[in-house]
Amino acid sequence: MSQKYKSHYPEPSETPPIDVMPASNGEFMPPDPTPAQRKIMALQDEKIEEVRRGFGMSRRQFVRTAAAYGIGVWAIDQVTGGQWGKYAWADGTKTTRACDLENPGTQLANLPGEFILDTQGHVLDSDINAKWRTQEPGFMQFLLLWTTQAMGDYPGYNEGGVRGFGAGEIDPVENLGRYHYFKEIFLDSSETVNLLTSLPRLPDEVNITPIKWAAETRDMVNNMTQSERCFVHAFTQPNRGYQGPGKVPAYQQEDFDWMSSVQGPLDVRGWKLYCGWGDPGLGAIGGEGPATNGWWFDDENGMAIVEHIRRIHAKTNRPPVVCTHKGLSFNGTFDSAKFSPRDMGIIAVQFPDITFFTYHSGFDGEHMQPYPGDDNVNSSNRGVDAFIKSLRENGVDATRFIPPGLEHGNSPNMYAEIGTTWWANMADADRATHLLGKLITYVGPRRIVWGSDCIWYGNPQPQIVLLRALQFSEQAKQFYNLPYGLDGDRWDPRKNALDGSTYMMPHPNVAGWPTDGRAHPERSIRNGILGRTAAEVYGLDPDAARNALSCDEVQKLRDAYLLNPGTPKETAPAASNQILGPRTRKEFLRFRKMENTLEPHKFIRFPD
Amino acid sequence: MKGKLAVLAAATFSVVAVSVAPAGAASSYGPGSYQTGPSSGDLSAFTHADPETGKVTILQRNTRQAAAVNCVGDGPRATLLAFHQVTDQISSVQVDYKEAILSDNEIILHVAVEGDKTGPLGTKADFGPKHAATGSVTVPLRKLPQPGERVRVQFGLQTGPGCLPHPQIGLPGSRFVNGGQIVFTSVKVG
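The listed protein sequences derive, respectively, from chains A and B.
Everything in the first sequence is counted per the numbering used here, starting at 1 for the first residue and increasing by one.
Everything in the second sequence is counted per the numbering used here, starting at 609 for the first residue and increasing by one.
Each hint can be trusted.
In the DSS-like style, the derived pairs of lysine-lysine whose C-alpha atoms are separated by at most 30 angstroms in a straight line are:
1) A/212 - A/131
2) B/751 - B/725
3) B/732 - B/796
4) B/706 - A/247
5) B/732 - B/751
6) B/732 - A/247
7) B/706 - B/732
8) B/706 - B/796
9) B/725 - A/477
Every beta carbon over 10 angstroms from chain A, so not counted as near; a handful from chain B, in silico:
10) 634
11) 636
12) 639
13) 640
14) 651
15) 652
16) 740
17) 746
18) 789
Label-pair distances were calculated between CB atoms; the ranges are:
19) B/741 - A/111: 54 to 60 angstroms
20) A/370 - B/760: 22 to 28 angstroms
21) B/741 - A/508: 55 to 61 angstroms
22) A/33 - B/700: 52 to 58 angstroms
23) B/793 - A/370: 35 to 41 angstroms
24) A/412 - B/641: 32 to 38 angstroms
25) B/661 - A/33: 48 to 54 angstroms
26) B/650 - A/82: 26 to 32 angstroms
27) A/104 - B/760: 50 to 56 angstroms
28) A/141 - B/793: 47 to 53 angstroms
29) A/250 - B/661: 41 to 47 angstroms
Hints are computed from structural coordinates only; laboratory data are not their basis.
Beta carbons: idealized from backbone N, C-alpha and C, even for Gly.
Extracted from the complex, chain B is given alone in its bound form (with noise of 0.2 angstroms):
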């Protein structure tokens, strides 16, 4: 008799616990089920991204010489990959990091959202500078993707080359080593 209750409880449990639980809940993705997303860089760059800890490094050194008009170059881009397969509606991504540290404006923490068939869903980008940061940037999703569609989530730091200071003019240019590091924790959508 006891064990026939607790079955039932068991049951009854479950049913509460199944609709109480609000449709499209968030699912949560952390360090050790992101993947290396794509980096990139020209020989002035330094670029990391570990999936196994969420922490993404990029660092340049702004010794590019400039010309005239130019500032060639490829800055450094480190990103990693969350995936969600949509199973429930979804309306928006967040990405929470902590530690973060951005030497100046013009290093980006960046988000795009993608289906495998909707196509670009979101883009967020937050700015520097930023000292230790804790703090999380929400894409709100423009598009729905389908149920059964897979969801792409690529985050992390980019930002452009910077040059020398002009040789003429003489003003300052860019800085001469800029970058950032931070710890991605979560990637939550819903």
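Only chain A is shown next, with the shape it has when bound in the complex (with noise of 0.2 angstroms):
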């Protein structure tokens, strides 16, 4: 009799390397694929089948090519192309078979003109003894929750060997951890630098990624490369020890000292804020607000914060950064009203001489329009329609500052991030346009950056292979004013980046103008979101020599980590390729059921 359900191990998945069905950590109901997610899922399948064979590769091969990430993007094109936007190279096609697609992006290796900085890469110290583990327990629990990562998928045994959580590491956390950071980041994409960013919680120590130990996960990418391919931001918070309105919190001091000690000697690049993030519990007492006491930039706490970081930059040489979350309410675990962009215009105009960056532009899950328009939003909604109202009831919108003889303009110190936003939208080609379009008119060309989230997501390459690939259509370059899409020219988006005949002659309005009649993708809107408009900020040369990072270092810190006492040994599949979790209701239902059974790894997809 044949096996009812495949075992997981030792056999990689068979999954297409972009995959955009629903996901589950197991701990809710996934939604029900829409008709477009099954139809793109089953066009792959039946072009994966054709060209595999084509090929003469397994189908287990076969998904771990650019081939395959090709189809994908062809797949999702399909589908979901249409009115507003495309995904080339998959587009117009003259047979439209997906073979025939030659997708230069889907390739690891970086195409011309492109530097690809990751604004918002995350790991966590995963070590058994770390402080947070015993001490924070309760973001243990959030981590598992959110990330498919950490949890997607039940430990097992089988013939082979153990498997664990998410990932296959029976810790769940380690999935999360710096072994899997360094694979995904820099062994299975294409990225050339990866901002660490970080999350709450202060006091450092009991950080889920403290500031010491983010700087030594830093230093050991950068020495194993002998390049700058990482560098950290830190967390921090005005309001711990909250006090009621019109007292300085109890801890203010505390972490404001601590910021001073640790931003020049550790070489801290920026500061994370969460204006939702406060005392738990405490928010409840006296009817000041919600599950925790978050905070605005315009009430005291934010204009303090924001003072100091000013004060502790102008004793080194690294311009003040602040990056804020804003958007992705995560109700109940944070105070989700102040995740609102509502702030953002109003603390730009007071610290012009700040650079800000929104991180995910406000997102909260909404779906993706045009701006509709002033007098129709909300700026206290979370949003991406809500940020850029912020923007322009302040007066500090891209469309205020539009140089003569030019048609775009960029706001003067506001910066869009689209970490998870442009995850949650890449796959609807129209969606993912107006995300764009939005924000290059009313944020700026060259005020966009990328952060793929990951390693929450697992691996951020099918993001960056759809970046690469959006096409906007003629509705769209005319509606948006951008009749180059993505690739015009970032100071001048009416131009043609990718042409020569556009850098024959000085332009009359933008100085250093190339003149060598080449064509220059360094200076496209896709290569300024990809990486080069974060690097202008952060100081960095997106054209310096930067190394490779080995299989055989990575496998190093493996091994470390596999005599690590405490961490069981476990084998992980050398590329994931896979959303973990249960992906219908089904599933769901069956994962569920086996939590009761002696039998959970048995637990897989269902063959339909």
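Got two chains here, each in a separate frame; can you build the complex from them with the hints?
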């Protein structure tokens, strides 16, 4: 009798590399797949079978090739590409056969002009003795709840050995640790540089990514590659020890002193803030707020911390950079009202000498459409439109800063970061186009930066492949005044950066315009988003030589981890290539049922 | 003769009165002269703004279901408008209110000032909770509108959408109901 369900181990998955189906970490019912999602996956399946036979490869081998990525891009384009956006190189081929596509964007090597700076990398101190694991157990619950990378599959045993949670570790937190970070970011993706940013909380020693540990991680990468491929943020907050309105929080001075002590010595290049983070439980007292007492940039705590950041950076040669989470509400875990971007325009006006990055651009799961106009948007909402409204009502949106002779401007000191926002919208070419179109219009062609929010989501490569491929339709080009879409020059988007004839003579309104008659892909809006725009802010030279991190070096880390007492040995496939966890209601119910059996390892996808 | 003296006295008084009046004296607008401003909100929200009385009300029930990460919705927003034609230099706008009841910190009293030529001139927010409070919000203008320009002062209440407690973590989510009511007594431009 044939086996009803496949076992996990030792076979790597046969899932296509671009997988758009819903996923759960096992704690909640995944939403039903949309007809579009089903169609994308069905098309991929069909083409993968057709092409891999032509290549003489097994399916398992084939789904790990660049051609399989190309098929994924093509399938999304076939289903969602239309009125506003398309995915090239998938679009407009003569035969529409996936194997005709020759999509260079699916490869790990960087394309001409490309420098990829992921402004939102994450990893945590997974050591069994890390303080946060005993003193902040709620955070573990939060991470396991959110990240399929940590928790999306059950452990089990099979003839080949043991298999752990999520990405394969028996200790689920280890799935979010250094080994998987190095592997997913520096081996299995095209990223050039990763900005290792942070999550709450203070004091720093109980943070999941303490700054000293983060700096050590950065130094490991940079030493192994003998080049700058990683730099760090530190988390901070102004409201620890909240004592009520008008009173200075009990630990504010202590935390400010700590900031001063680490900024220079550990080379903290920016500060990561979460306005929705406070002292758990205190907000419910006296009607001050909900689960936690968050803060606004335009209240006394917000003003105090930005002033302090300005003060301490004046003593170093690093420009002051404030990065703040806005959007993604995490209702119940955070004071989600304070994740409204309402105050971003206000703070940008108050501190013109500081650079602000609005992480997630305010996105909170809304359907992406054109900006509906100021009178139709409530800036207290969460959402990309609320972020734009905040800039507009404070007069710092890009449309107020259009230089003479040009038709696009840039917000003076506000940047839009699209971590998770891109991930959540990229599987629909129309929505992806509106997201970038309105951010280019209202924040600026030189003010958008990409972040992956990985390792929480596993591997960032599908995000990169799709960002390389997005093309605006003729209608979108006209609507957003971007005749070359993302291939427009960042300084003058009306010019095509990929066409040498653009750069034959000086531009009357743009200083330093190339005149060598060659294409300048490094000047495109797309390459700005992928990394060059952020590089300007952080003072990185995108064209400096950077070296690869070798498999051998990562394996040494892996070996060291395996020797680590208290963390059981576990084997993970070389390329995970899989979104973990139940994907349908049926799988979810089976998954939950397996919790109460002795055979959880037998859970795997239904053959249908 | 008496009549001539009266005319002279009146003329003298007018000259003195004009000369002592400060240039750019404040103009004041109150209920009755307001107009209804933009409002919004989804099916969980209630909004009302009455230009005749200056009363603004927002309310929402936060029974929207949170997803693992998101809390999607359109929170309530209700506003009034006052318009001022610039004749003399102005540098600030003050919005006075009374009987403000704002249920919690996330209910925002929001004032935005914009000129039809200069563009946005300034915003200012005040926060809850407030319990039958009287007060004012002053917006210093960071740009000065030009004479002849029409300045729009938008003032009201707004908040973002709230959701039920997170289904798995079980921590308190948003309050089940929140909102606010306020009476805007005057808008002073000067």
